[in-house]
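J.: Take the sequence shown: its position 8, counting from 1, is numbered 8 in the numbering used here, and each next residue is one higher.
It is possible that some hints are incorrect.
Cβ pair distances, simulated, as ranges [said to hold, decoys possible]:
1) T58 with E7: 17 to 25 Å
2) M48 with D14: 17 to 25 Å
3) A38 with T58: 15 to 23 Å
4) V16 with I39: 14 to 22 Å
5) M48 with D24: 16 to 24 Å
6) P41 with T21: 24 to 32 Å
7) V16 with K49: 23 to 31 Å
8) T45 with E7: 28 to 36 Å
9) E42 with F11: 27 to 35 Å
10) M48 with V16: 16 to 24 Å
Simulated from the structure, these hints should not be mistaken for laboratory data.
From a predicted model like this one, the values you see are computed outputs, not experimental measurements.
Ideal placement from N, C-alpha and C gives every residue a C-beta, glycine not left out.
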Amino acid sequence: MKQVLCEQVGFSCDYVIDGETDEDVMRKAIEHIWEYHAIKPEEMTSDMKAKIKEKIQTL
């Protein structure tokens with residue numbers, strides 16, 4: 001199991017994003033950020049995406 005916390009990538013949000021692979025977590029994180037923080041995937045910077053990937057933890 002892999003996970004990242006939304007607050008770890010710069011949002012004031014306690015949502016936990018989890019998945020079986022880094023790719024699952026990344027996809028779910030992008031969906032969450034779009035739905036709850038109103039940042040569309042195409043508006044996300046490469047730095048933001050890199051930060052998400054960097055913060056993914058293996059449980």
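J.: Determine for every hint whether it applies to the structure shown.
T.: Now the hints, each set against the structure:
no., hint, verdict
1, T58 with E7: 17 to 25 Å, "holds (19 Å)"
2, M48 with D14: 17 to 25 Å, "holds (19 Å)"
3, A38 with T58: 15 to 23 Å, "violated (30 Å)"
4, V16 with I39: 14 to 22 Å, "holds (19 Å)"
5, M48 with D24: 16 to 24 Å, "holds (18 Å)"
6, P41 with T21: 24 to 32 Å, "violated (18 Å)"
7, V16 with K49: 23 to 31 Å, "violated (19 Å)"
8, T45 with E7: 28 to 36 Å, "violated (18 Å)"
9, E42 with F11: 27 to 35 Å, "violated (18 Å)"
10, M48 with V16: 16 to 24 Å, "holds (18 Å)"
Of the numbered hints listed earlier, those contradicted by the structure are 3, 6, 7, 8, 9.
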